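Novice: Sequence:
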Amino acid sequence: MLQDKDRIFTNIYGLFDKSLAGAMARGAWDNTPGIVAKGREWIVNEMKASGLRGRGGAGFPTGLKWSFMPKQSDGRPSYLVINADESEPGTCKDRDILRNDPHTLVEGAL
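Take my numbering: the final residue in the sequence shown is number 121, and no numbers are missing along the way.
Calculated directly from the structure, the hints in this document are not laboratory data. Here the structure is a predicted model, which means the values were calculated and not measured. Some clues are possibly wrong.
[Unchecked claim] Cross-link-like lysine to aspartate or glutamate pairs, in silico, EDC-like; alpha carbons within 20 Å at most:
id	residue 1	residue 2
1	K29	E99
2	K104	D15
3	K59	D17
4	K29	E118
5	K104	E57
6	K29	D41
7	K76	E52
8	K16	E118
9	K49	D28
10	K59	E118
11	K76	D41
12	K29	E57
13	K82	D105
14	K16	E57
15	K82	E57
16	K16	D41
17	K104	D85
18	K29	E52
19	K76	D28
20	K49	E118
21	K104	E118
22	K29	D85
23	K16	D28
24	K104	D41
[As the list claims (entries may be wrong)] Estimated spans, in silico, between C-beta atoms of each pair:
id	residue 1	residue 2	range
25	K29	L63	36 to 42 Å
26	T102	E52	28 to 34 Å
27	I23	D85	33 to 39 Å
Just so it is clear, CB atoms sit at the ideal spot from N, CA and C, and this is done for glycine as well.
Required output: the full structure, derived from the provided sequences and hints.
Specialist: Structure, rendered in structure tokens:
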């Protein structure tokens, strides 16, 4: 069983304050600048090593997906799209994450 300390989205049921202050009180944005400062390659390698997978039906490896982002800019902006489409029958996880834990989602996308 998943331990509470291993949960990424700690407010998925909307039991706690959804505001930025509430998210920060639960640990969001704690060391984001330090992690970003380590650079793209370090972050992608950590994600690959973690084994974290997407929440869709295919369970695609997150680190591998992130490695597809362009390594060098050609002058045009690059975008990371967060797909919250819930086309799998009977799922409603994405809307609850967006509704109740948006700051954790945005922090993870950086």
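Novice: Okay, which hints does this one fail, numbers in order?
Specialist: As far as the earlier hints go, 1, 5, 9, 11, 12, 13, 17, 18, 19, 22, 24, 25 are violated by this structure, in ascending order.
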